[in-house]
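Given these sequences and hints, build the entire structure.
If you read the sequences in order, they're chains E and P. Under the numbering used here, the first residue of the first sequence carries the number 162, and numbering increases by one thereafter. Under the numbering used here, the first residue of the second sequence carries the number 105, and numbering increases by one thereafter.
FYI, nobody ran anything at the bench for these hints, they're computed from the structure. One thing to keep in mind: the hints can contain errors.
Unchecked claim - If you want a taste of the chain E side facing chain P, the calculated C-beta under 10 Å gives, among others:
#, residue
1, 204
2, 210
3, 211
4, 214
5, 268
6, 270
7, 271
8, 272
9, 273
10, 277
11, 281
12, 290
Positions of the beta carbon are idealized from the N, C-alpha and C atoms, including for glycine.
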Amino acid sequence: MITITQEDFDPGVYINAARDRQVGGIVTFTGIVRDDGITAIELETFREAALQELEAIRDEALSRYAIQSVDIIHRIGTLSVGDHIVLIVVGAPHRRDAFRACEYIIDRIKETVPIWKKEYTNEGSRWVPGEHT
Amino acid sequence: MKITVRAFAQFREVVGEVTVLDLPQRSGLPVLFAALASRSDESRGMLFDDQGAIREHVIFMVNRKRVPRSSLDSIILYEGDEVAIYPPVAGG
Chain E
162 MITITQEDFD PGVYINAARD RQVGGIVTFT GIVRDDGITA IELETFREAA
212 LQELEAIRDE ALSRYAIQSV DIIHRIGTLS VGDHIVLIVV GAPHRRDAFR
262 ACEYIIDRIK ETVPIWKKEY TNEGSRWVPG EHT
Chain P
105 MKITVRAFAQ FREVVGEVTV LDLPQRSGLP VLFAALASRS DESRGMLFDD
155 QGAIREHVIF MVNRKRVPRS SLDSIILYEG DEVAIYPPVA GG
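Now the structure itself:
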């Protein structure tokens, strides 16, 4: 499942959903809001393009690695320290490709998916600079 | 012809979320960027460097397809096209 949502999610639900007779390992990445002296962050997206890009990244991962399933849930809206930002769940017959695929997916998300973060502190706000042009 | 421009993140804050531009037929992206820049000094400063070149950190899509910088001068826009502009992404 590929989702962009304002709602929180329970990683356990998606981990259980990835169980399958052919799956011997499930690797997950959960991104959470770190306390960098912020009061909140706001995530903005170009939703239609971001969904298209997340689907493309999932398809790339499925073709590059021996994995069975990919789920990506990315949140938008206003989040506080400790809140979930993103969840990636990769189910595979064997662990090695599951780990590799999961890392590949989060790296690609940070490179190309049109989502931006604005950090709020007591002094004001600033956009988190992206690294890839 | 009417072209819709959607801007995101700090670009949205300067240019506005949605802008409909009326451009000459078969205009390209440089014409569109010049039209956006003419709307305010802040827009110009955000989109163009001091030499008048489109800044490195400006990313653009036409009809939700990323356009590489090398194609900046070769794309022709058509009535109803949607151009998105945004800074480098920071999700995940």
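Okay, the hints, checked on the actual structure:
Because the closest C-beta pair between residue 204 of chain E and chain P is about 7 Å apart, less than 10 Å, the hint holds. Interface restraint check: residue 210 of chain E against chain P, minimum CB-CB distance 5 Å, threshold 10 Å, status holds. The beta carbon of residue 211 of chain E comes within 8 Å of a beta carbon in chain P, closer than 10 Å, and the hint placing it at the interface holds. Because the closest C-beta pair between residue 214 of chain E and chain P is about 9 Å apart, less than 10 Å, the hint holds.
Taking 10 Å as the C-beta contact cut-off toward chain P, the hint placing residue 268 of chain E at the interface holds, the least distance being around 8 Å. Checking residue 270 of chain E against chain P: minimum C-beta separation of about 4 Å stays under 10 Å; hint holds. Hint on residue 271 of chain E holds. Least Cβ distance to chain P is approximately 4 Å, under the 10 Å limit. For the restraint placing residue 272 of chain E at the interface with chain P, the shortest Cβ-Cβ distance is roughly 7 Å, inside the 10 Å limit, so the hint holds.
The beta carbon of residue 273 of chain E is positioned within 10 Å of a beta carbon in chain P (closest approach about 7 Å), and the interface hint is therefore held. Interface restraint check: residue 277 of chain E against chain P, minimum CB-CB distance 4 Å, threshold 10 Å, status holds. Checking residue 281 of chain E against chain P: minimum C-beta separation of about 14 Å lies over 10 Å; hint violated. Hint status for residue 290 of chain E relative to chain P: holds, with the closest Cβ pair at about 7 Å, below 10 Å.
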